[in-house]
Structures are given as C-alpha cells and as structure tokens.
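Undergrad: With the hints as your guide, set chain B onto chain A.
Protein chains in written order, with the working numbering: chain A, 1 to 377; chain B, 1001 to 1348.
Hints listed in this document are in silico derivations from the structure and should not be mistaken for laboratory results.
The C-beta atom is built at its ideal place from N, Cα and C for all residues, glycine as well.
Certain hints may be false.
Output of the computed footprint for chain B on chain A, the stretches with three or more beta carbons under 8 Å from beta carbons of chain B [stated by the list, open to error]:
| id | region |
| --- | --- |
| 1 | 141-154 |
| 2 | 206-217 |
| 3 | 250-263 |
| 4 | 287-294 |
| 5 | 327-335 |
Simulated restraints, written as ranges between beta carbons of each label pair [said to hold, decoys possible]:
| id | chain 1 | residue 1 | chain 2 | residue 2 | range |
| --- | --- | --- | --- | --- | --- |
| 6 | B | Leu1154 | A | Val198 | 35 to 41 Å |
| 7 | A | Leu148 | B | Leu1034 | 26 to 32 Å |
| 8 | A | Gly247 | B | Val1030 | 44 to 50 Å |
A short list of chain A residues far from chain B (calculated; beta carbon distances all over 12 Å) [as the list claims (entries may be wrong)]:
| id | residue |
| --- | --- |
| 9 | Ala69 |
| 10 | Trp129 |
| 11 | Arg187 |
| 12 | Val339 |
For reference, the chains in residue letters:
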Amino acid sequence: MSSDVAPPEAGTGGGVPPAVPPAAEGSGKVVAAGSAVSRPPLWRLAIRWETGLVVALAAALVFGSLESATFTSRITLFYAGINIGYIAIMALPMTLIVVTGEIDLSVASMLGLSGAVLGDLWHHGWSIWPAVLVALAVGAVGGSLNGLLVTKLGLPSIAVTIGTLTLFRGVAEILLGSQTIPTASDRPFPSWLTNIGVVPVSGTELSYTTVIFIGLAVVCGVALHATPLGRAMFAAGLQSEAARFAGIRVARIKFWLYVFSGVICALAGILLAAQNSSVSYNAGFGLELNVVAIVLLGGVSIFGGRGSILGVVLSVAIIGSLQMALTQMNIDPNVQEIVIGGLLLISVVIPSLSRAARWLGARLSLGRSGHTPWAPD
Amino acid sequence: MTARAQAPGVPRLASVLRAREAGTAALVLVVFALATLRDHSFADVNSVQQLLVGASLVALLGVGETLVIVTRNIDLSVGSVLGLCAFVVGDLFRHQHIPVWSGFVIAIALGAAIGAINGLITTVARVPSLVVTLAMLYIVRGVDAKLVNGHIVLPSQVPSAFAAVGYRTVFGIPWLAIIVAVVVAAVGYSMRTFRPCRELYAIGSNPEAATLAGIASGRRVFMAFLTSGALAGLGGALFLALFAQVDNSAGLGYELNVIAAVVVGGVAIFGGSGTVVGAALGALLLNTIQQALVAVRSSSYWSEAIAGALLLAAIAFDRWLSLRVARGLRSAEGAHRDLATAGRGSAS
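So here's chain A without its partners, still in its complex pose:
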C-alpha cells in the first residue's frame, strides 16, 4: 500500500495531496525514500535483485529440463505463452502504476469486461473490428474512471480499484449473464483471430501474446528507464509531494497510467477471448492477485519508487517456466500455487535478511575499528 494517498491528517481542503510526507509505512517500516535519494546504490540494489532473478530463472529452467522430458521441446515455449501471456501483458501497466505508488486491482475485471463487450457486440451482429475498437474504448473509459477517482477525488487506489473490480465484473455479468458467446446460434469468431490460440507467430515458436508482451515490455521499459516521464514516475512514487513541488504533474501521470492500464487489460481480454474462441463474464476471475504477485516478485516495491521492467519480465519468465514444468509433471495447478506463494515469500524475506546482515556487519565493524561504516577506507 502506498501511503502518499493516505487520508491526510490535515488536508488542505480541496483534495490536494496530503501535506504530511509519507514518513512511515506499513508496520512501521521506514521506506528508503530519504536514503534512496541521498545515496546512489539504488540502481545497484536493483541490479542485484535482477541478478537473483536470473539465477532463479536458470534454476527453474534446469529444474524443468531435468524433471520433464517434454520441457525442452520447442512447443513448450508456445504453450507457456498461451498460459501466461495475457496475464503478463497486464503486469506491465501494473508495474508502472505500482512504481508511482498506486495499485490497480481492477485489471482482471477489466479483462473480463472487455471480453464481455466484444462478445455482446458480436452476439448482436457487429463485425469484429468495430467490436474490438469498442472493447478497447471501454478499457480506456474504465481506466479513466479509476484515474479520476484516484487523482481528482484523492481516494486510496487500493479501495477504489476493489470497487471498480466489483463494478466492471458486475457490468460484464449484466451484459452476458450466464451465457457463453458465441452461443450455438451465433457465428463463430473469425478463425484468423481464434488461430492465435493454436498457431504461433509465423517463423517463430512464440505465441501472439508473447510477441505482444515483448513489444509492450520494450515500450514500457524505455518509457520507465530512459525518459523524463519514467523518472517522473519514480519521483512520484518516492515522494509524491516533493515531485509535485518539483513541477512534475503527478496527478496527470497517474491518470494516464490508469487509462493505459485499462486499454492494455482490455487488449488482454480480447486476446484471451480469441485464444479461447469464446467469452463468458467470469473470464480471468481472480487474476488481479496473480498480476500483483508477478510484479512484486519482479522486485517492484509495493510502496512505489522502486522497480524495473526487466525484473518483471524475468519474474514472468520464472513463473511461466515453473508453471510449464510443474504442469508437465502432472501437478495440480492449484497445488502449483504453493510455488508462487513460496517464491513471493522468499523474495520479500531475503532482502530483509540481507538488511539484517548488513546492519549486523556495520555494528561489528563499528565495534572493532571504530570506523563509521559509510566512511571510505
């Protein structure tokens, strides 16, 4: 949870960001807001995290090829893309939003809603392209609803997006009810569209969702790590108030990130509909927490201001390959959740252990030599 959207103790009236800077977080944990600004190893910390993820990915790949005979066959890559691609796509805008210190729990419901809109229009005789465009537009509208509530009214994003999670899913349910589209009397979806669920992109072994994910990851990675906009996102996540005083349009950035998230989730919904060649209102139910788990495992701080697209891409690769390996070993998908949860838990406990070790080391060196631990030798 970010605290920069916490109800202000002394709000200045007009829904502006809180006057009190977010000093303390969660369970009294002081986030490295101040220290991160004052000392450079921020990027080094990030690099270290991604190194850990690369090691974990290598371990997952070795594990997969040892335990499952079919893991190394080329088709595995395709099916991994089918299984996790549409979830991974939603993780990218989520990363940007979490970096700015907010969260979007409505992603999976937006996926369901866009599929439902597509299906409903198709059911009423629309051709596919207008229906796709309307579904994407619904994503933009839903995202801007989130954005308005969070930035204009200053409401906590976690609560707002739980609300829109219920709302979007509810609208999808109103549209489709319990029917699955295409119904028996409908035209089937065009086969060139539904083929993306069975045919890889020509010349490769990658699913369409994978290719779209990679393309989007490059775009998001460049935007986050190589543009002023990206630096503004980090600044907004570290110290919303300070960023605002530095001339960064925090509210505007957050608003457009929610719109972006809505559109991308709508796209994911369309892709899932095409992959399954059908839609029902409850498609992707409960996936929001999977998306959050992927982002957090990728090393993005839930308090904002820290994280990288590379980390999230690696996290997708780890979870995707473990999922494939475990599925090929005939392990119940529900049981596989232990692995995701365990990884997530380890990923948060390890930094805290290393922090404790560093603290201990600093104490010891201080005791022995009298050096201040940060002084150059």
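TA: Leaving out everything else, chain B in the frame of chain A:
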C-alpha cells in the same frame, strides 16, 4: 484521522463515527424496506434468516480484517485460511471421529497459527503485509488443494451435531448469526474499552508517533494478525457447519469481498479509523442488496455492479466525511487557541 484524540471537537468526531455506523444500518433498513415493498415474502422469517446467515461469514472475517486494517496493514489470506480450516476439520471428522467441540478448537488454533506466521513475518522481517499475506494466500490455497486432492468432504461425513450449528435457530435467530454477533460485540467492546485494542488505532493513525509514544507496535500488530487468522479459522468451522460440504474452492475470493464489506462499513483502508460493528453492518448491507436484487428481479446479474458502485460511493463519502472532520478539528483547535490568547491578554 485520529480516532479518539483527547482534544476539543472529540464529541463531534465520536458522533460522526457513530453516525457512520447508523448510516450503514439505515441503508440496510432502506434496502430491506424497498425489497419488501416489491416482494412481501422478503420479510418472511426464512428470508430474514437467509440474510443473516449469508452475511455472517463475511462479517466474521471482517472483524479480524478490521483489526488488521486499523493498524494500516492488510490480510489477504483470510479466504484461503477459511478454506483450509474447513477442510482440515471436515477431514478429521471423517477419519479421526474427533468430538464435535474440538472441531471448533482445532479450526481456531490452525487459523491462529497461520495468522501468527503472517504477523511474525510482517513485524519481525518488516515486510509489507500485503506481500506477506498475498504469498500466504497462495501457499495456504496450494496446501489446501494438495490435502483435498479430489477427496471432497461430503455432508454424510460431517457429524449431525456439528452441522446443526449451521441450520439450528434460537427464537428464530440462526446460531450462526448469534455466534458472529457475540464475536462482533466482544471485539467491538474491546476496541472501545481496552488499552491494547485502542492502541491499534494509534498505530494505524501514525505508526511513528505510536512507537515514540511507547506503544509496542510490533506486538499489537502481531496480535491483530493472530486474531484475524483465528477468526478466519472459526469461519472455516462455521463454513463446514453451514454447507457440510468442502472442496478446495471453499472461501475462494473471500478476501476481496471481506475488504469490500469492511470499507463499505466505514473502515479507512489506510488505518486509524473504523469499527468492527461498522464492518459487520457493511457485510450485512452488501448481502441484503444482493438478496434484494434476487428477490426483486429474480436475477442476481445486477448485484455485483451495484455492489461495486456502492463501494465507490462509500469510499467517496468517507473521504468527504474525513475532510469535514479534519476541518472541524482544525476550527475547534483555532477557537481554543483564540480563547487562550484572549485569556492571556486579559491577565496581563
């Protein structure tokens, strides 16, 4: 927002918070009345019992969730814990034939143990609780799936004395609702009265200040997670009694329903404010709306969208309320300062 500051303007603040609960209760009555106007059978004893029973599990989990959220943390694992405890107790009934009362004890103990792990990791490792409990959600759900492994607990395997808790009534009031009401009353009273419980509000209002004021934040937050886990465990036992059938999807997705109910009931998502009575009323309101829609339209397709819109309205309303209270406190403070200056002026 400070929940119980000893400053001028307190009566106003307290009355506002009471008004928030009264508002939720009034909304329940309005929805109930409207539904009854359209369909008179909505006020039947059976239908009202359904309302209470349907809300009771979410309300019970909402009590624990409130304790955690008030401290500016969150517990996403409650749904999974409920599912695991329900299955474990059911499994013990069919294979070990344990006495009926011990079913409750085991469920509460197991839930408390998981809650304790959540609390320990959150407070000792200083890790955001959202991440810890999200991880726990998956781990517990996975363990549950592994244990169930297709062997669903069936009604015939649950002792009838245990299942009776799920359907028996006293003077027309379901046992389930009575148990939950007792828990809500006990925890609600504690949160108003006992110091350790009231310190939860202080921690959530300002963790730094609470620590500086000598509050053992870690221990209190740990206890909040432990209680939340224990109540989710109790919820598991009640789930088993109510449905008498448990597969690995028991409690699936409850966590967000519970948080939604708690927020509708006026608990601030960033801590420091809100009551368990409000949370329970929030659960009752959401369930009443759902059942009312079923009764009126003979279709529940609309209920989720309306619940979502209501949730957004509740959050916006609470924001408006907290701004108003903050303004009230400031002006009260200002008046106090003016008085003090005036007093000094006349003394000199």
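Undergrad: Each hint: holds or not?
TA: Here is how each hint holds up against the structure:
no. : hint                                : in the structure
1   : 141-154                             : holds (count 3)
2   : 206-217                             : violated (count 0)
3   : 250-263                             : violated (count 0)
4   : 287-294                             : holds (count 3)
5   : 327-335                             : holds (count 3)
6   : B:Leu1154 with A:Val198: 35 to 41 Å : 39 Å, holds
7   : A:Leu148 with B:Leu1034: 26 to 32 Å : 29 Å, holds
8   : A:Gly247 with B:Val1030: 44 to 50 Å : 48 Å, holds
9   : Ala69                               : 24 Å, holds
10  : Trp129                              : 27 Å, holds
11  : Arg187                              : 24 Å, holds
12  : Val339                              : 7 Å, violated
Going down the numbered hints, you'll see the structure goes against 2, 3 and 12, while the others check out.
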